[in-house]
Amino acid sequence: MNPPPSPTPEDPPAKPQTLAQCHEVIDTLGQQLAQLREQVAWLQERVKLDSRNSSKPPSSDVAGTSRPRRSSERKRGGQPGHKGTYRTLLDEGEVDAVHECPPPEVCECGGPIEPGRALRHQVTDLAQAVRAEVQEYRLYRGVCGHCRKTHESRLPAGVPRGQIGPRALALIGALGTRYHLTQDKIRTLLGEVLGVRFSLGAISQAQGLVARALQAPVQQAAASCHGAAVLHMDETSWRQAGSGTRHWVWATVQPQVVVYQVLPSRARYVAQALAGERPAGVLVTDRYAVYDWVAPERRQVCWAHLLRDFERIAGRAGAAGCVGRRLLGLGRVLFRWRARDAGPAEFARLQARVHQALERGTRSGCRRTAQTCANLLAQEVSLWTFVRHPGVEPTNNAAEQALRAVVLKRKISGPTRSTRGQQFVARGLSAMESCRRQGRDLRDWMEQALRAWLGSGPVPSLLPSG
Numbered sequence: 001m002n003p004p005p006s007p008t009p010e011d012p013p014a015k016p017q018t019l020a021q022c023h024e025v026i027d028t029l030g031q032q033l034a035q036l037r038e039q040v041a042w043l044q045e046r047v048k049l050d051s052r053n054s055s056k057p058p059s060s061d062v063a064g065t066s067r068p069r070r071s072s073e074r075k076r077g078g079q080p081g082h083k084g085t086y087r088t089l090l091d092e093g094e095v096d097a098v099h100e101c102p103p104p105e106v107c108e109c110g111g112p113i114e115p116g117r118a119l120r121h122q123v124t125d126l127a128q129a130v131r132a133e134v135q136e137y138r139l140y141r142g143v144c145g146h147c148r149k150t151h152e153s154r155l156p157a158g159v160p161r162g163q164i165g166p167r168a169l170a171l172i173g174a175l176g177t178r179y180h181l182t183q184d185k186i187r188t189l190l191g192e193v194l195g196v197r198f199s200l201g202a203i204s205q206a207q208g209l210v211a212r213a214l215q216a217p218v219q220q221a222a223a224s225c226h227g228a229a230v231l232h233m234d235e236t237s238w239r240q241a242g243s244g245t246r247h248w249v250w251a252t253v254q255p256q257v258v259v260y261q262v263l264p265s266r267a268r269y270v271a272q273a274l275a276g277e278r279p280a281g282v283l284v285t286d287r288y289a290v291y292d293w294v295a296p297e298r299r300q301v302c303w304a305h306l307l308r309d310f311e312r313i314a315g316r317a318g319a320a321g322c323v324g325r326r327l328l329g330l331g332r333v334l335f336r337w338r339a340r341d342a343g344p345a346e347f348a349r350l351q352a353r354v355h356q357a358l359e360r361g362t363r364s365g366c367r368r369t370a371q372t373c374a375n376l377l378a379q380e381v382s383l384w385t386f387v388r389h390p391g392v393e394p395t396n397n398a399a400e401q402a403l404r405a406v407v408l409k410r411k412i413s414g415p416t417r418s419t420r421g422q423q424f425v426a427r428g429l430s431a432m433e434s435c436r437r438q439g440r441d442l443r444d445w446m447e448q449a450l451r452a453w454l455g456s457g458p459v460p461s462l463l464p465s466g
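Heads up: the sequence shown at position 386 corresponds to 386 in the UniProt record's numbering, and the numbers run straight through without jumps.
A hint or two may mislead.
Stated by the list, open to error - Beta-carbon label-pair distances, calculated as ranges:
# : residue 1 : residue 2 : range
1 : Asp125    : Gly77     : 51 to 59 Å
2 : Ala157    : Ser413    : 49 to 57 Å
3 : Trp337    : Cys22     : 38 to 46 Å
4 : Pro458    : Arg420    : 22 to 30 Å
5 : Leu19     : Gln371    : 35 to 43 Å
These are computed hints drawn from the structure, not numbers from a lab.
Just so it is clear, CB atoms sit at the ideal spot from N, CA and C, and this is done for glycine as well.
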């Protein structure tokens with residue numbers, strides 16, 4: 001939202017001598033007053049911005065400004081008819097030890113007690129000694145007794161040259177992505193739980209090895225975005241300590257595959273490289289101008305963002321506020337109809353009403369409202385792509401939700417300090433989110449990728465099988 005132009009400062013007008021000069025001074029002051037009023041209205045609107053009428057996160061809202069939730073008549077906890085969930089007992093052959101707890105042999109009355117059927121109770125605990133496994137490899141050098149040529153032994157396939165093995169590397173990768181632990185906390189956890197002492201430098205190098213091992217699978221997943229039937233895209237800022245420049249984390253989201261990339265720009269050429277210059281499917285985005293290269297019929301503009309824009313317009317005075325309230329109501333109707341699977345004919349009527357409201361907005365007399373409505377009319381085809389393509393959602397919530405992992409990592413761990421750190425964050429989170437959506441174990445998958453990178457096994461894929 002660009003600020004309105006400020007009135008140009010001028011020297012105080014000379015004292016008018018004629019009636020015409022008086023009118024000229026009045027006209028000048030009137031123009032300056034109108035500009036000042038518009039600027040004050042813009043500043044007042046900026047003060048009122050929150051997560052409901054802008055892209056600001058809910059965490060930035062002032063305390064006490066959120067809407068009160070409607071009270072529910074239901075009590076806390078499980079509701080009547082809920083089956084509940086219970087832990088299934090392990091078979092007797094799967095437990096480590098069985099302890100018999102018989103009842104007393106004699107009752108208080110003096111009679112004998114006959115034992116009945118046992119009630120099984122299982123307690124899960126950690127082993128007393130949880131420790132890492134250390135393997136030693138002895139490499140020998142020999143000299144030929146005939147030609148004196150030196151020969152050296154080599155490490156077996158799958159054995160890293162560093163001090164940390166693939167299973168521990170996978171654990172470090174999972175702790176730094178899914179669990180958002182810093183390098184110092186990873187070092188502390190490994191020392192306290194496994195009794196392994198690594199330096200911070202060793203943890204940093206380990207994350208670099210994980211990033212290198214994940215390069216091929218993540219590149220394969222990124223290439224699949226060009227042919228996706230529906231692709232959600234969004235970006236958020238990322239800092240690298242010491243660089244003095246802002247980077248951006250781009251998220252390309254498919255139903256079962258998510259790819260993150262940390263790049264130094266959020267320009268159009270970056271979006272084209274990630275989604276393809278001519279996307280095969282539908283691209284779901286916000287109204288950011290870098291996506292305007294996509295054909296309108298191949299793009300879906302996020303209606304959740306539009307509702308926040310309409311909420312902001314509804315707070316303005318005069319005709320602009322009426323237009324905003326009308327558009328806000330129509331947007332809520334859209335989501336109600338979407339929830340009950342309304343057909344194209346119903347949405348066609350809604351589309352006509354939205355078009356009329358936008359046309360009114362261009363004539364509302366408010367410069368900012370007119371500009372927003374004119375821009376939406378220019379993108380009108382992209383507002384209704386979800387009607388023509390049933391598999392497309394009207395919002396970009398999928399990409400925004402995928403970026404929450406990046407935001408959590410940014411808030412907990414702080415900025416990265418090298419390109420290696422950026423690669424670990426991007427590729428590690430790509431593996432984490434894709435495995436989560438496919439129901440795969442992240443640590444096991446990372447271990448497979450690391451063993452493949454070390455030359456022991458095939459490279460696993462992040463793409464869903466079948």
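Verification of the supplied hints:
A hinted range of 51 to 59 Å is violated for the C-beta pair aspartate 125 and glycine 77, which are about 28 Å apart. Between alanine 157 and serine 413, the C-beta spacing of about 34 Å breaks the proposed range 49 to 57 Å. For the pair tryptophan 337 and cysteine 22, the supplied restraint of 38 to 46 Å is violated, since their beta-carbon distance comes to about 59 Å. Take proline 458 and arginine 420: their Cβ atoms lie about 25 Å apart, and the range 22 to 30 Å holds.
Between leucine 19 and glutamine 371 the C-beta distance comes to about 38 Å, which sits within the given range of 35 to 43 Å.
Hints 1, 2, 3, counting from the list given before, are not met by this structure.
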